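Number of protein chains: 2
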Amino acid sequence: MGDTMNQINYRLPKRKDGQKTFDHILETAKKLFSKNGYQATSINEIISKSGIATGTFYLYFDDKFALYSYLLTKYRKLIRKAISEGIKDSHTRYDKEKNGLKAFLRFAWQDPLAYRIIWESMFADKKLFKEYYESFSRDYVRQLGFAVKDGEVRDDVDLETLSYILMGISNFVGLQVLFRDQLTEDDLENLAEQAMKILTSGMFKQ
Amino acid sequence: MGDTMNQINYRLPKRKDGQKTFDHILETAKKLFSKNGYQATSINEIISKSGIATGTFYLYFDDKFALYSYLLTKYRKLIRKAISEGIKDSHTRYDKEKNGLKAFLRFAWQDPLAYRIIWESMFADKKLFKEYYESFSRDYVRQLGFAVKDGEVRDDVDLETLSYILMGISNFVGLQVLFRDQLTEDDLENLAEQAMKILTSGMFKQ
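Each protein sequence line maps, in turn, to chains A and B.
Positions in the first sequence are counted from 1; adding 16 to them yields our numbering.
Positions in the second sequence are counted from 1; adding 16 to them yields our numbering.
Treat each hint with caution, since some may be false.
[As the list claims (entries may be wrong)] Derived lysine-lysine pairs resembling DSS-like cross-links, with alpha carbons at most 25 Å apart:
1) A:Lys-213 - A:Lys-112
2) B:Lys-142 - A:Lys-65
3) B:Lys-93 - B:Lys-80
4) A:Lys-221 - B:Lys-165
5) A:Lys-51 - B:Lys-112
6) B:Lys-221 - A:Lys-221
7) B:Lys-93 - A:Lys-112
8) B:Lys-47 - A:Lys-146
9) A:Lys-142 - B:Lys-104
10) B:Lys-142 - A:Lys-221
11) B:Lys-213 - A:Lys-221
12) B:Lys-104 - A:Lys-213
[Claimed, not checked] Short derived list, chain B residues pointing at chain A, Cβ under 10 Å:
13) Arg-109
14) Arg-132
15) Leu-160
16) Gly-161
17) Phe-162
18) Glu-168
19) Asp-172
20) Gly-184
21) Val-189
22) Thr-200
23) Lys-213
24) Leu-215
25) Ser-217
26) Gly-218
[What the hints assert, rightly or not] Beyond 12 Å from chain B on every Cβ pair, some chain A residues (computed):
27) Asn-25
28) Gly-34
29) Thr-37
30) Glu-147
31) Gly-184
Hints in this document: simulated from the structure, not taken from any laboratory.
The structure presented is a predicted model; accordingly, all values stated were derived computationally and were not measured.
Each residue gets a CB set at the ideal place from its N, CA and C atoms; glycine is no exception.
Please construct the entire structure, taking both the sequences and the accompanying hints into account.
Right, here's the structure in full:
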C-alpha cells in the first residue's frame, strides 16, 4: 500500500485463489479485532477461525501487527474513496465539506466496525494511530490551502487546527449516528445541514 | 457514583487504609487497561500487579467490568470537574466554550491515558461507551439551551448535533495536542483561539 508503515511486512497474493484466502483472513481478523481488541486477539485465533494452515498466514503477513496495519491502511483508503466519490460533483469547498461529511457518516453507518479498528490502533501501536490521523490532516490541509487561495476559506486560521476541527466534527457526528437505531437519507441531509450552519456562520446569534 | 451503570457492582472502602488499597487497585488497573486494553487485561493480572490478595479485589469490585466502569465514571467526573473549574469565572457562552476547551486540552495533555481508557470502553461494553458520550451530550444540550434562551446561541440549530460537534472539536484538537512533543500555555490559548474563530464566524471568507 506504499506506506512507510507497512512496506515490507506483508505480501499480496499473486493468484485469484490466493486473493480469496487473503481477503478471508482480513475479514476474519477484522471481526476478531473489533470484537476483542488488538491485544486480546492472537495469530493462532485468526488462523484457526480462518480455517487456514499456519504457513498460509505467514505467506502473506509477517505477524499480527503486519496484518493489523494492513487493515488500517485499507480503512484509510476505503474512507478516502468513499469521500472522493461523495464529493466528485462538488465544486465549492462548501459542497465538498457537506457532501464529504455525508459520505463519511454513511460509511460509518454501513461499517460500524471501522471506528473500532481505527481507534484500536491506539493500542496496537501509538505511531500507527498518530500516522493515521496526521496523514488525513496533511491531505486536508492541502485541500483547504487551495480553498484559501481561491478566496473561499478564510485566510486567518491555522489550517492544521481547522483540519482537526473538521475531522472531530465528522467523527463525533458519526458517533451520534452510530448511537441511533435507524438512519435515513433525510437524517443524513439534516445532520450535514446542522454542521454546515456552524461551519458557515458559527454557533452564536449574529 | 450514583450511576445506573455501576450502582451495585462495587463497594467503596470504609477506612483510610482501605481507601489507599482501593486507589492503588484503580491506578494499577488504569495502567494495565491503557497499555493492553480491556479484553487483554485479566483480573488475576490486576490482582498480582497490585500486590493484593484475591479476596481484597472482590471486597471492592464484583468483576473486571465493575472496576472498569468505576474507572470510566471517575474519568467522566474528573473531566467535568476540570472543565467546571476552567469556566468558573466565565459568564458568557463564548468564554465558557473557550475556557472549557482549554481546560479539556490541558487535561488531555496531563493525563494522556484518559483517551485510551475512554475509547477502550467501546470494547469493554458498547452500552457503557454510548452512555458515556450521551451523558456528556445531555449536559451540554442543557447548558446550550440556557444560552439559546439568553439569546447568545442561535436558535436554529439542533442542540444535540451541536453538542457532538463541540465534543468532536475538543476531542480532536485534543488529539492534535497529544501528537505534539510540547505544549505551552500560549499554544493552548492559540489553539482555543482558532477553534473560537470557527465557532464564531465559520470557516469561510465572509
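Each hint, compared with the structure:
1. A:Lys-213 - A:Lys-112: 14 Å, holds
2. B:Lys-142 - A:Lys-65: This hinted pair holds, its Cα atoms lying about 23 Å apart.
3. B:Lys-93 - B:Lys-80: 20 Å, holds
4. A:Lys-221 - B:Lys-165: 11 Å, holds
5. A:Lys-51 - B:Lys-112: 38 Å, violated
6. B:Lys-221 - A:Lys-221: Distance ~18 Å between Lys-221 of chain B and Lys-221 of chain A Cα, so the pair holds.
7. B:Lys-93 - A:Lys-112: Outside the cut-off at roughly 38 Å; violated.
8. B:Lys-47 - A:Lys-146: Given that 25 Å is the threshold and the Cα spacing comes to 20 Å, the pair holds.
9. A:Lys-142 - B:Lys-104: 35 Å, violated
10. B:Lys-142 - A:Lys-221: Judged against 25 Å, a Cα distance of about 36 Å means the pair is violated.
11. B:Lys-213 - A:Lys-221: With Cα atoms ~14 Å apart, Lys-213 of chain B and Lys-221 of chain A stay inside 25 Å; holds.
12. B:Lys-104 - A:Lys-213: Distance ~29 Å between Lys-104 of chain B and Lys-213 of chain A Cα, so the pair is violated.
13. Arg-109: 7 Å, holds
14. Arg-132: 6 Å, holds
15. Leu-160: Because about 8 Å separates Leu-160 of chain B from the closest Cβ in chain A, which is inside the 10 Å limit, the hint holds.
16. Gly-161: Violated. Min distance 13 Å.
17. Phe-162: 13 Å, violated
18. Glu-168: 6 Å, holds
19. Asp-172: 7 Å, holds
20. Gly-184: 3 Å, holds
21. Val-189: At 5 Å from the nearest chain A Cβ, Val-189 of chain B passes the 10 Å test, so the hint holds.
22. Thr-200: With a minimum Cβ separation of about 15 Å from chain A (threshold 10 Å), the hint on Thr-200 of chain B is violated.
23. Lys-213: Since the shortest Cβ distance to chain A is 5 Å, the answer is holds.
24. Leu-215: Check passed: Cβ of Leu-215 of chain B comes within 5 Å of chain A, closer than 10 Å.
25. Ser-217: Cβ of Ser-217 of chain B sits 5 Å from chain A, so the hint holds.
26. Gly-218: Check passed: Cβ of Gly-218 of chain B comes within 5 Å of chain A, closer than 10 Å.
27. Asn-25: Label holds. Min Cβ-Cβ 22 Å, cutoff 12 Å.
28. Gly-34: 31 Å, holds
29. Thr-37: 27 Å, holds
30. Glu-147: Nearest chain B Cβ is 10 Å from Glu-147 of chain A, so the label is violated.
31. Gly-184: Gly-184 of chain A not clear of chain B: closest Cβ-Cβ about 3 Å, inside 12 Å.
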